[in-house]
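Peer 1: In case you want the letters, here they are:
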Amino acid sequence: MKELRLMKGNEAIAEAAIRAGADGYFGYPITPQSEILEYLMVQKPYETTGMVVLQAESEVAAINMVYGGASCGKKCWTSSSSPGISLKQEGISYMAGAELPALIVNVVRGGPGLGTIQPSQSDYFQATKGGGHGDYRLLVLAPASVQEMADFVPLAFELAFKYRNPAMILTDGVIGQMMEKVELQEFVPRWTQEEINKISPWATTGKTRDRERNIITSLDLDSNKQERHVLSLERKYKAMEDNEVRFEKIQCDDAEYLLVAFGSSARICQKAVDLARAKGIKVGLLRPITLFPFPKIPLYKLAHQVKGMLTVEMNLGQMVEDVRLAVNGKVKVEHFGRYGGIIPNPEEVVNILETKIIGA
Amino acid sequence: MTEEIIIAGFGGQGVLSMGKILAYSGIMQNKEVSWMPSYGPEMRGGTANVTVIVSDERISSPVLNLFDTAIILNQQSMDKFENTVKKGGYLIYDGNGITRHPVRKDINIYRIDAADEASKIGLTKVFNMMVLGGYLKLKPIVSDEYIRKGLEKSLPMRHHSLIPENEKAIEIGKKLIKPVQVL
Chain E
0 MKELRLMKGN
10 EAIAEAAIRA
20 GADGYFGYPI
30 TPQSEILEYL
40 MVQKPYETTG
50 MVVLQAESEV
60 AAINMVYGGA
70 SCGKKCWTSS
80 SSPGISLKQE
90 GISYMAGAEL
100 PALIVNVVRG
110 GPGLGTIQPS
120 QSDYFQATKG
130 GGHGDYRLLV
140 LAPASVQEMA
150 DFVPLAFELA
160 FKYRNPAMIL
170 TDGVIGQMME
180 KVELQEFVPR
190 WTQEEINKIS
200 PWATTGKTRD
210 RERNIITSLD
220 LDSNKQERHV
230 LSLERKYKAM
240 EDNEVRFEKI
250 QCDDAEYLLV
260 AFGSSARICQ
270 KAVDLARAKG
280 IKVGLLRPIT
290 LFPFPKIPLY
300 KLAHQVKGML
310 TVEMNLGQMV
320 EDVRLAVNGK
330 VKVEHFGRYG
340 GIIPNPEEVV
350 NILETKIIGA
Chain V
0 MTEEIIIAGF
10 GGQGVLSMGK
20 ILAYSGIMQN
30 KEVSWMPSYG
40 PEMRGGTANV
50 TVIVSDERIS
60 SPVLNLFDTA
70 IILNQQSMDK
80 FENTVKKGGY
90 LIYDGNGITR
100 HPVRKDINIY
110 RIDAADEASK
120 IGLTKVFNMM
130 VLGGYLKLKP
140 IVSDEYIRKG
150 LEKSLPMRHH
160 SLIPENEKAI
170 EIGKKLIKPV
180 QVL
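Taken in order, these protein sequences are the chains called E and V.
Per numbering that gives the first Met the number 0, the very first residue in the first sequence carries number 0; after that it's consecutive.
Per numbering that gives the first Met the number 0, the very first residue in the second sequence carries number 0; after that it's consecutive.
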């Protein structure tokens with residue numbers, strides 16, 4: 000039987016990483032995700048599974064430690080919140096360029112700047128459109144429950160190694176701080192050196208006589224080679240779009256209107272759907288689970304069914320751009336947001352749906 | 000059954016742990032639960048509050064505007080949350096330090112003087128369990144048996160010797176709660 004616990008989202012992520020056979024965590028504390036490092040320090044996985052837990056001297060150091068560990072084919076990860084994730088962007092871009100698998104967790108707080116410690120979703124652009132420099136994409140997963148916080152850790156590692164690409168769990172202070180019931184996965188042992196050599200033959204594990212030297216770098220001054228590299232990255236991102244789109248549809252079958260929301264906003268919208276349906280409004284919810292790759296096709300299909308769409312995001316309107324691109328003018332798409340750490344409530348979502356979409 | 004509760008008071012009164020014990024008890028009784036705290040500057044002194052939802056069904060929003068029950072343990076929380084109780088819902092408050100009593104006519108109001116009683120009998124550390132007992136008297140959403148299991152799960156092993164004291168406080172709370180206005 001799986002183990003059932005009441006846990007904070009942040010704790011669930013930390014526990015899930017230990018159970019997923021992670022080799023190393025490198026982080027630096029920041030609210031609202033400090034429980035991740037705190038939990039790991041209490042659990043001391045370095046005494047059980049052998050997973051390294053290190054508080055680095057800064058966010059920049061932490062992400063470069065992840066770069067180093069990932070270069071050796073190890074399952075490494077880091078976590079932070081918005082201002083700290085900004086500091087990590089150079090390292091993330093280098094890892095995308097060097098094609099290194101790793102997990103980065105962003106428990107988003109309001110910005111810009113130091114902003115607030117309260118929840119927000121204003122790092123959607125940063126997570127899905129780059130953040131660091133250069134033509135690259137992260138695989139971005141958006142959990143909407145503590146259960147998904149736990150489940151997406153092994154999934155993120157799996158996808159990161161499948162595509163040799165950094166993966167991000169984009170969550171926020173609501174899911175990070177709240178407690179819910181969570182079923183924990185069984186422990187998966189850390190990979191042995193033999194397994195690493197087999198799974199990641201590109202890793203710098205010590206050159207043997209029977210192969211060429213492995214080089215981990217994001218630098219190539221030969222433009223022709225660099226162009227070929229960028230094109231191979233493009234093929235990889237296309238493959239992600241073909242194979243890895245994940246989403247959830249709630250009460251969409253007979254929907255005349257559609258809410259689109261991810262993460263904690265999607266939870267609030269589930270309640271809004273119930274409230275609206277109690278008033279006789281046929282509304283559904285599409286919840287993107289992967290923010291990159293984005294569920295363009297399901298949205299395009301729904302655009303032929305519904306009369307209007309409303310995105311609910313705790314930002315000034317970021318995901319709404321991807322929804323508009325997906326539906327390509329087929330249907331009206333509006334945005335509703337709250338800012339500065341304020342969480343929208345289900346009643347106001349229904350009000351906005353009635354005034355901006357149905358009544359308009 | 001879905002019960003949506005806000006518990007609010009000063010930091011240090013045991014607001015968050017009371018919510019946690021209730022949530023854990025709900026899990027033990029095979030219910031869905033969510034526990035959403037305020038985690039802002041409030042945690043560093045001042046007011047603390049937590050939204051707890053216990054339900055037989057999948058829980059949608061962990062963040063709410065209106066509640067079935069508000070458990071209020073200081074004046075700031077009374078000012079903030081009296082108007083968030085659903086019409087016909089329940090407001091439970093500890094009279095200690097309350098200068099402006101609740102005025103709404105469309106809700107059930109109960110008073111529990113747990114702070115006074117706890118200091119009188121020297122059980123100030125389990126003051127919050129008295130309040131929980133008072134709440135459970137009105138709304139037995141989880142049974143005593145599962146409250147015990149919830150206590151076992153949420154208290155660290157080294158504090159399990161304190162479980163009888165907590166249970167005693169819950170029983171005292173059940174007797175202590177008094178109606179002020181019943182619809």
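Read the hints as simulated data drawn from the structure, not as lab findings.
Positions of the beta carbon are idealized from the N, C-alpha and C atoms, including for glycine.
Don't take every hint at face value.
Listed next, the stretches of chain V that the computed footprint assigns to chain E, with coverage defined by at least 3 CB atoms under 8 Å from CB atoms of chain E [what the hints assert, rightly or not]:
no. : segment
1   : 14 to 26
2   : 55 to 67
3   : 134 to 141
Peer 1: Look at each hint and say if it fits the structure.
Peer 2: Results for each hint:
Judged by the Cβ-Cβ criterion of 8 Å, the segment 14 to 26 of chain V is covered by chain E as claimed, because 4 of its residues qualify and three suffice. Figure legend: the segment 55 to 67 of chain V, annotated as covered by chain E; annotation consistent (8 residues with Cβ-Cβ distances under 8 Å, at least 3 required). Counting residues of the segment 134 to 141 of chain V whose CB lies closer than 8 Å to any CB of chain E gives 0, so the stated coverage by that chain is violated, three being the minimum.
Figure legend: structure checked against the earlier numbered hints; the only hint not met is number 3.
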